[in-house]
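4 protein chains.
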Amino acid sequence: MVGGGRGAFIGAVHRIAARMDGLAELVAGALSSDAERAHASAEDLFVPRSYGTFEEMAKMEARLPKAERIDFVVIVTPNHQHFAPAKTFLEAGFHVILDKPVTFDLAQAIELRKIVKASKKLFVLTHNYSGNAMVKQARELVRSGALGDVRKIVVEYSQGWLASKVEETGQKQAAWRTDPARSGASGCLGDIGTHAQQLVYYVTGLRIAELCAELTTFVPGRALEDDGNILLRFEGGAKGILHASQIAVGEENNLNLRVYGTKASVEWHQERPFELIVKFADKPRETWKPGNSYVGEAAKNATRIPSGHPEGYLEAFGNIYREAYRGIAAVESGQPIPKDLDCPTIDDGVRGMQFIASAIESAKGGSSWVKVPNI
Amino acid sequence: MVGGGRGAFIGAVHRIAARMDGLAELVAGALSSDAERAHASAEDLFVPRSYGTFEEMAKMEARLPKAERIDFVVIVTPNHQHFAPAKTFLEAGFHVILDKPVTFDLAQAIELRKIVKASKKLFVLTHNYSGNAMVKQARELVRSGALGDVRKIVVEYSQGWLASKVEETGQKQAAWRTDPARSGASGCLGDIGTHAQQLVYYVTGLRIAELCAELTTFVPGRALEDDGNILLRFEGGAKGILHASQIAVGEENNLNLRVYGTKASVEWHQERPFELIVKFADKPRETWKPGNSYVGEAAKNATRIPSGHPEGYLEAFGNIYREAYRGIAAVESGQPIPKDLDCPTIDDGVRGMQFIASAIESAKGGSSWVKVPNI
Amino acid sequence: MVGGGRGAFIGAVHRIAARMDGLAELVAGALSSDAERAHASAEDLFVPRSYGTFEEMAKMEARLPKAERIDFVVIVTPNHQHFAPAKTFLEAGFHVILDKPVTFDLAQAIELRKIVKASKKLFVLTHNYSGNAMVKQARELVRSGALGDVRKIVVEYSQGWLASKVEETGQKQAAWRTDPARSGASGCLGDIGTHAQQLVYYVTGLRIAELCAELTTFVPGRALEDDGNILLRFEGGAKGILHASQIAVGEENNLNLRVYGTKASVEWHQERPFELIVKFADKPRETWKPGNSYVGEAAKNATRIPSGHPEGYLEAFGNIYREAYRGIAAVESGQPIPKDLDCPTIDDGVRGMQFIASAIESAKGGSSWVKVPNI
Amino acid sequence: MVGGGRGAFIGAVHRIAARMDGLAELVAGALSSDAERAHASAEDLFVPRSYGTFEEMAKMEARLPKAERIDFVVIVTPNHQHFAPAKTFLEAGFHVILDKPVTFDLAQAIELRKIVKASKKLFVLTHNYSGNAMVKQARELVRSGALGDVRKIVVEYSQGWLASKVEETGQKQAAWRTDPARSGASGCLGDIGTHAQQLVYYVTGLRIAELCAELTTFVPGRALEDDGNILLRFEGGAKGILHASQIAVGEENNLNLRVYGTKASVEWHQERPFELIVKFADKPRETWKPGNSYVGEAAKNATRIPSGHPEGYLEAFGNIYREAYRGIAAVESGQPIPKDLDCPTIDDGVRGMQFIASAIESAKGGSSWVKVPNI
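Chains as they are written, first to last, in my numbering: chain A, 15 to 389; chain B, 15 to 389; chain C, 15 to 389; chain D, 15 to 389.
Simulated from the structure, these hints should not be mistaken for lab results. Small disclaimer: the values here were computed from a predicted structure and weren't measured. Keep in mind that a hint or two might mislead.
Pairs count within a copy or across copies, as identical chains cannot be separated in the list.
With a straight-line Cα cutoff of 30 Å, these simulated DSS-like cross-link-like pairs (lysine-lysine) come out [claimed, not checked]: (1) K101 / K186; (2) K297 / K179; (3) K179 / K277; (4) K186 / K378; (5) K297 / K131; (6) K80 / K179; (7) K385 / K297; (8) K135 / K101; (9) K128 / K297; (10) K80 / K128; (11) K378 / K314; (12) K101 / K73.
Take these sequences, add in the hints, and give me the full structure.
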């Protein structure tokens, strides 16, 4: 693991998710950009091999015999420290699991895509929400044609924790997320908007062709936007709205998605992730829940316990890991990455960075419509 | 009553609402633009005085002794038949209660405003959703400063009943609403979008200063838009989204509003109208319900029965009427219209038509931003 | 109307419900047992013919020409004043609509049944909750066999408004309901428990064969029980629980019913009356809502407005009235009471009083099991 | 681990929960009562030391040097195989974590209590639902007096998976649970009713003094009850209802609890475990959610991720384990079991078996009231 030491948030989530199914152990880490803090964190976490820097870790691990060294690395640093370790580990011959957003900016993402393709290693971007069983069910319903043609998509990701200037209170999570030097050109969109955009693509397969973005910084003195309202035009004619906020007081982690088709519609709320609402014109509304006989294969595989036993955020995250391990095992046994591997890839990463870049371009042009290139 | 005969929908709603509290009786009507249908409808409904046209009705009723003639008229015709009867009855000395949207176009609305102001009569526009007790509570919370400054507003009005071309199946409601000659320049926005816009204004008092509207006609061959996604900039700096749809399959009458302030937020759903969700940064989320000791005056007055006994759409509609009667009684007793009269007025009507006009202007300009004049 | 004057609650509800559909007017009343208060109340309510006593009203109305006199009477007095006016009006040749519970005690109910049968008049008991569209849908699903055989029934009616001794604060509603001289031998069960019991019978048609009742008076100094938990054995083998409370702090009017069959189950909550949840072993849970094409005839007839426009307590109450008018019209035109008339009858009343009597018998015997005679 | 091999359900849950926080590894097991199956299962799960029987495991592990041998054992066998391994491992000097219900019958439970007390080892019974953060919050509210005196308790545990005779379809979970030789004298109560009973005690601290139980076997040919409705009298005067079912078609894992006090009430639903509803007489209803600044210490400690990131069944289970490890660490370092250790104990186990024994005694006596001894 690179990053994720003392004071971090998402590192602990990755650790729980990674070992949830007993398929991995944390054996090495460069857990902080500060070497001392890195070693202290390693001690806290009983990590056998602690390194002061990710470069050292990559070099030393690569020298170990295959059976002893790490199988893959998990990178959970702030955004500006994504590209370098990802490149280093891929080039050192390790599979990489990287927290989103993929890189600091679009150029890095495109560059990283080249490196990933050249590496023949598995690269997984932890857009964890697509690991939810009922998201997978939504995807299956859309893809199977049960919804007819998609007409309208409404996706939202609202939080309230940045409604006041918490970055000045010593809150480490807020500090780097609101700092352009560490977070990149976007605040709210990079942190949570990309999850919403990835979720839409995962479920519908529809690419955003044009967008019109109104980005606002509500908290005085903050450098990056903390709210965004975006109109979307998808390839093929569907229309949509994506709105994200970190100043929506009282919202916790309200990511939700609705997809309206010509025949039926689906609705999913991250805060009740085990429900998928399916609506029809002339039949009662249905609530699909995981663990039941009627759900599809993808949802079935993403469920560990019987219906009515709620799985949540960590289990969805764990599903990304479990699927990543299937990919790693395939590659390690000399096979290609499975075609049906159900993990976010470097392509999700590039799409996400392009989405941010286009939204910022729109916002800078007075919230005008811009075309989103399919790069 | 003008309009509301056989085959109509909203006429019956008005009749129930108007007499809910035993304060009015239906004694005269020109219930259809077709005289024969008008008389037949009057017979169905036991209406003592039936007229073939609204002109005749206004003339004849005005000739009756004060104690015998109607006190006010309710106009529930399609949009293109709003202006003429409203003008006629106001000028004949009657109070007017008119279904929304106020007129066929903005010019008529401005003209009607002049007539209303000159008439000294009460004019009420039945934006019924503002009659809900919990909407009134939301308004009180916003106006009292409990939310702090308003930053973001999300309002939605989604229906699915026009997802296919029902106007060709003989559905009278669909037929006129999708016909530019009867509905006006807008379909979905005029029918339901204006309710959403009025609700926002009612609760927050914030005027839309600029907007950017993406209007879409999804059903092939339909002349008017059946879906609209609109970005909003309010006077004073708040931002917002208004989206409305009549092709959102499986949605019934999903009008909902969220207002996010610097200190707290409110959320209201028309389909569960007796709940107001109030959210805070650092306190548990609250659910306010009517009929309880803790609600404010306005909500108290808009409630007929104890808490836990759900009031719905008709009761909210009835509240508009009950308040209108208070206004009529004041005027009839020689007093001015009460300052605190809680009814939508001709100003709501003009604002609504301006909203539609600006949205169409934006849409025609490729969904560009347009300023919304404060006329 | 008999009763329902100043300070009353349910009288106003009856008035709204009775005239909701424009089918009745309030023309005469003995609105209080105190003559002065009766006349004052009549003036408040613009009731043309006010009487000082119900006896006078019955006598005088009967003397009026058929076209001028009342068609039926509504009795909304406290329980101890149900029997006498009901008897009087039935014997004077009027149809009677009576608020529940039917009488002060079981003996009176049995006596009243004789009088009703002899009178050939329509007698309706306003168990209003069975007027809800989704309750009727539940009934249709149960009766059609869609649930298979009924195994288990859970019904609850919880309120909190009597959690403290409000009867000593001048609250008129609380005062008579907690007074054995006016309410009868039961408090909570008579007031709300009978609604729950009637709802079960209405939906399932199953009679309670045996019961075991734990009745408790929680508020010190109160004479009647304010809480009851009852185990039920139905004819045919189904088992059940009925619990009712008026000391459940924070509950408003939480009446809810679940019926579990061998094939499917239904769940209904009075506080969200427009939803019926239908559950299956191997299909997604469904939410049925009124006004949709898929609901059955009974629900369709009990709905006034399109789907998504919530109807509530008053509309359900109005449905009882509308159906009563259908019965009255039939009888008045010389026909028998329609076989499919969907109104609670004197038989519901007798069953309700028997239920109370058996519950009290059980409670007095240390909450032992007692057989409920089918009288 | 003893039990939990191929075909088991709860074993996998324990494994995920036990290692969720990176504090334990599975190093040894007797994973099935069939030695061959045990070894095969160990291979599946990468368990280093596999034993053919639990006796062998206890003996051999005890012989290993302290640093190499297991620290504690987890027993997840069917009920009839709880007592022997628990006794064996305790007496061999190991801490024991045991799945509920504690033993096959009450006599065994009392005997085991003696063994536990004598052993000085930590004994934890995995009543996992008390590991939920919002259950802990409910407990804190009750214990702090925020609810006033508790008057009424309603607890339910409804499932539908045994509504037909699945035990004849090869479903291993159903087979042993419906078999008196493996499950004990009770079916539904032992499997899930004890969870409900333990939850009530955990939250309120109130002991059941008397009960009246109606136990029913609905599925023809089944030997044990599959449904139970029980009236409760608590020490101190509170009354209650506990109902549990495994034939409630369409219910998944519907455990829910309501506690009504003189001042406020709480409501919790296992299927949305991250919400605690708190109700008041004269304040808006509140929804408490984990991860927020306003929750108490116990809830805070039982939460791993920020508010709005749902934790579920596995995380609650993991909380029991994490707390158990704190106890084990204390004992191993020579200290007493921490007084504030928040884990279900052998006393919960004895209370649970007494509850079952009393319920069966009541049912056998025609569902009469029986006193529940405080043993």
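Checked hints:
In this homomeric assembly, K101 and K186 come within 30 Å of each other (Cα to Cα) only inside a single copy, at 26 Å, whereas the closest approach across copies is 49 Å. For the homomeric pair K297 and K179, the shortest alpha-carbon distance between copies (18 Å) is at most 30 Å, but the shortest distance inside one copy (48 Å) is not. For the identical chains of this complex, K179 and K277 are inter-copy neighbours only, at 13 Å across copies versus 45 Å inside a copy, given an alpha-carbon limit of 30 Å. In the homo-oligomer, the alpha carbons of K186 and K378 lie at most 30 Å apart inside one protomer (29 Å), although the nearest pairing across protomers, at 47 Å, exceeds that limit.
In this assembly of identical chains, the alpha carbons of K297 and K131 never lie at most 30 Å apart, being 47 Å within a copy and 43 Å across copies at closest. With identical chains, the CA atoms of K80 and K179 are never at most 30 Å apart, being 48 Å at best within one copy and 52 Å at best between copies. In this homomeric assembly, K385 and K297 never come within 30 Å of each other (Cα to Cα): the closest approach is 38 Å inside a single copy and 43 Å across copies. When the C-alpha separation of K135 and K101 is checked against a cutoff of 30 Å, the pair qualifies only within one copy, where the shortest distance is 11 Å, while the shortest distance between copies is 51 Å.
Proximity of K128 to K297 under the C-alpha cut-off of 30 Å is found in neither arrangement, the shortest distances being 48 Å within a copy and 46 Å between copies. With identical chains, the CA atoms of K80 and K128 are at most 30 Å apart within one copy only, with a shortest distance of 25 Å there and 52 Å across copies. Neither within a single protomer nor between protomers do K378 and K314 lie at most 30 Å apart by alpha-carbon distance, with minima of 44 Å and 42 Å respectively. For the identical chains of this complex, K101 and K73 are intra-copy neighbours only, at 13 Å inside a copy versus 51 Å across copies, given an alpha-carbon limit of 30 Å.
Hints 5, 6, 7, 9, 11, counting from the list given before, are not met by this structure.
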